[in-house]
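A.B. asks: Listed here are the chains, written in short residue letters.
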Amino acid sequence: MMANKLIQTLIAFVLIVLTSCMKEDVLPISTIDLFGSRGVFIVNEGNYLYGNSSLCYYDIDKKEVINNVFTKANGIPLGDVAYSMNIYDGKGYIAVTNSSCIHVVDLNSMLMLGTIENLPSPRHILFLNSEIALVSDLYARGISIVNTKTLEVTGKINTGGTSLPFYQHPTENLIKIGSKIYTNCWSFDNKVLVISAETLTVIDSIVVGIQPLAMVKDKNNNLWVINDGGYSGNPLGWEKPSLMRINSSTFEVENRMDFTSLNDIVGPITTNTNGDSLYFIRNHIYKMHIDDNVLPSEPFVLGNEKNFRTLITDPLTGDLYIADAADFMSEGKVYRFSSNGSPLDTIDVGIIPGNFCFN
Amino acid sequence: MKKMGFEFRRIILLILAIMGSNLGQFALGQELVTDTIFLEGISITKLKSDHGFRSGIKVLSIDSATMNEKRTLCLAELLQENTSIFVKTFGRGSTATASLRGTAASHTNVYWNGIKINSPMSGQADLSLIPLYFVDDAIVHFGQSSMSFGSGGLGGSVNLTTKPTWDKELSANALQSLGSYNTLSSAVLLSFGKIHLKGQTRIFWEESDNNFTYRNIAKKNKPFEIQQNADYSRFGILQEFYFRPNYKSILSAKVWALETDRGIPQLMSSYSVIEKNRETIRDLNTILEWRTTSELFSWKASTAISNSNLDYDFIKKSFEGNELPVFNGKSNSYSFYNKGGFEVQLNSWILAEFIAEFNSYWVNSMEKVMGTNLDAKQWQSAIRTTLNANPFGSFYISLLVAEEVYNGKPMPVSSSIALEYRFLKHKNLIAKGGASRNYHHPSLNDMFWQPGGNPNLKAEDGTSFETGLKFDIPQRNFKKSIEVNIFLSEISNWILWLPNLKGYWEPVNLSMVKAKGAELAMVINQEIGSVKVGVSGRYNYTKSTIENSGGVMRPEANGKQLPFIPVHSGGLSINCSWKKYRFTYTFTHFSERFTTTSNNPNLVRRLYPYFMNSASIGKDFRLLNTNIALQLRADNLLNENYQTIMWRPMPGRNYILTLKVEL
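These protein sequences, in sequence, are chains A and B.
Under my numbering, the first residue of the first sequence carries the number 470, and numbering increases by one thereafter.
Under my numbering, the first residue of the second sequence carries the number 72, and numbering increases by one thereafter.
Just so you know, these hints were derived from the structure itself, not from any lab.
Fair warning: there could be bad hints in the mix.
Partial selection, computed: residues in chain A whose CB lies under 7 angstroms from chain B [what the hints assert, rightly or not]:
| no. | residue |
| --- | --- |
| 1 | Val495 |
| 2 | Ile498 |
| 3 | Gly520 |
| 4 | Asn521 |
| 5 | Ile545 |
| 6 | Pro546 |
| 7 | Ser568 |
| 8 | Asn577 |
| 9 | Ser578 |
| 10 | Pro589 |
| 11 | Tyr608 |
| 12 | Gly702 |
| 13 | Gly706 |
| 14 | Trp707 |
| 15 | Ala795 |
| 16 | Glu800 |
Note that CB positions come from ideal geometry on N, CA and C, so glycine has one too.
Using the sequences plus the hints, can you model the full thing?
C.D. replies: Structural data, given as structure tokens:
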């Protein structure tokens, strides 16, 4: 009797087990239609090695956000550590650093048009013309030259030094002023490199502060560089974060302003629409005029224990968008402020929002 | 006087039983209560009145039949299939860590013959690096049960031991396995020696291309791809010597040397050309131990040295094929353990144990590409005393008090109390309960890693309560055991590594994490004619939540399940034997795991529920006067396409054929 019960129980259980297989989630596809809308893409890095990057689209007029637009349109994940997005000729180019690729998408439908592969660790893209774009890179010791028609890597601008351990010159922002291209070397470095846009070779380098995190140009075509100063134990050194202005004609640092504490956390920098004022992150958000010679003491927007990660101004309205990475292990937020500092909206986005791109 | 003599014999037998079970088994739980204990070839009849009660509430022993059947696996696979412990694995042959009762991997202490083999750097133990060739017994001590061996096991401990086989003067076993993806494994286990001196040698070698095919759902059109750079090889040798001058004393020396070389595959979403991403790990563990018993007490002393050496090389390639070094790290860690203790019967109902330890750790780590390095030392001393008492009837009590000092700084006192009452004399209905206060000191990485290490981190402070019922029904041809436990742990200053705005990760103390849950286990053994059937089922409910992050997380994270901890886990194992044939079937299940503190159910931020089926069939036979066993094992029976960590593929149905020859 007991034996029969046991056998019956076993058979029932085995049947249940055999029918409960894993449903490997194939990401559902839905139609995305952004045609005619004006908005901003928010590139969410996600966590390194988690493969949980995402792309959000915020409709500025409707004040509506669509999360995971890339995944919804294509049914695949964006990748690991999506870093930036740039637009050229109706196409979006999304650099995914740890997936070693740039996904190219249609800006209205977000459908994938192709992928530029075999980029070691792409960061930012600068389009030189309808065929050639430059891609900065964290580990390549160079800037990749890609053909945007064939989506192939065609060459490389060598930046890396020959001596280890430092000066590999990992490149970040790419800014073109006249016939020169400038790029800041952040990780374990202290240089801004000057590249000829004609010969595509490095022609000069400018010593800046330790770990130049971000760079922007003002209305006078001067460069503003914000340096994070490294950290305790950094083999390159540890100094107070700083903000400096580089004359793009002479390649000289004209003004250097150190922040007050070694422990100040600074973030990226942006300009207002006129290019005569700067916004930057130093725990809070600060605003200063480009002619000021001292750092502002009063915040423009209080951090209130938020983890401000990056910021940008709307090139049309001057509204300020500030990304908050929250605890870095959950979804972040983007706060939209008017140019006079009035809060306009709060947007729920993905994990570690790190970059913006207006369409 | 006669009664006194009886008590002495009882004491001696009890002490022998405990000592014989080796240090790793020191806290015998009810799982192991038997009438007979085999002490290194000597069978000692244990008195019925010797209850074996210790500070443990829940202890799970993996039986020797299971160990033998899964000898070619690693510890991670053994625990995943035979316990409800959640094992977080990065893929076949890759790093795997265990989480007990909703705690972190660093809260699971792993002991091998009494020495803690968690890395002093990370505080974690990589279970994929522990071959079952080097293990004879595996016992899991949940929660406060682990405190008998040391502090810090807020989730529990996994105790692994090796033991000599004195019954044969000379024996040799050879195992040869051949499996999918060019997986080859060879092992030789030799045992030699007479009654006073015994030597045992175990050597194994294993390699796998691990180049399975999977459907890549992270890429457009979901192409089938071959897993790259996931190959691994292992070589290990374990040498043991046992010297037994008499039946009261034993001196043992054990040396474990193991080298693992393995590739670290890319995520499924990578579009990189093949890059070099490999690590080579060399582990050396040595232990020298002396144990002896006298008329009134027993004592033991051991010293051990452990060295772990890691070479990690990560090189990307440019589009022209040039090498781009990203990370080239080497680390060396040394641990020096010294332990001594004794156990004494204070009177007819109290057994006291006292242990003192002095351990020191040194780590050196260097990264060549960027030139960062870490050089850190730490010493730790501890004293631990336990009183196990049977004050009256069927009531038992165990008290433990421990104190640890790190680099001269004393930790708060750890303590535990465990109670047991047996309601029914013959059917063994046992009620258990306990409470404990346990501390986990930050690891050397937590404190000194560059960048991010924080020497001011506070020790994790765990307070836990647990209670349970166990009901055994032993009958002829039928044995059933049901056990249910519930637990609640509150862990203050939980250490969690989080990214920061500087671009690196750093550890922070969370104010409060609460882990609570229930565990149900059932074992049935039935003989139906000449068929023996054993069924064991297990189910765990684990709710592990951030109650107060102390400001480092958003209020929205409060009350959410910790990332990677499943709420539900369970499994079923069926073992059948008929004549010389054996059949086993294992089913393992974990519910979905979130990867964010917000518990976002978004499909790219959670892992879907895990259902895994494995089976093996084997036959024993004799050929040319030699015992031979043949076994075919199939994993992922239903040929599932799945991941256990986001975007890290796992193999489909795969097989391994093992031939064992016993001379």
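A.B. asks: Could you run down the list of hints and mark each one as holding or not?
C.D. replies: Structure-based check of each hint:
1. Val495: holds, 6 angstroms
2. Ile498: This interface hint is violated because 11 angstroms lies over the 7 angstroms limit.
3. Gly520: This interface hint holds because 4 angstroms falls under the 7 angstroms limit.
4. Asn521: holds, 5 angstroms
5. Ile545: holds, 6 angstroms
6. Pro546: holds, 5 angstroms
7. Ser568: holds, 5 angstroms
8. Asn577: With a minimum Cβ separation of about 18 angstroms from chain B (threshold 7 angstroms), the hint on A/Asn577 is violated.
9. Ser578: violated, 14 angstroms
10. Pro589: holds, 4 angstroms
11. Tyr608: Nearest chain B Cβ about 5 angstroms off; hint holds.
12. Gly702: OK, holds: A/Gly702 within 7 angstroms of chain B, min 4 angstroms.
13. Gly706: violated, 12 angstroms
14. Trp707: violated, 10 angstroms
15. Ala795: Holds, about 5 angstroms.
16. Glu800: Holds: closest Cβ of chain B sits about 6 angstroms from A/Glu800, inside 7 angstroms.
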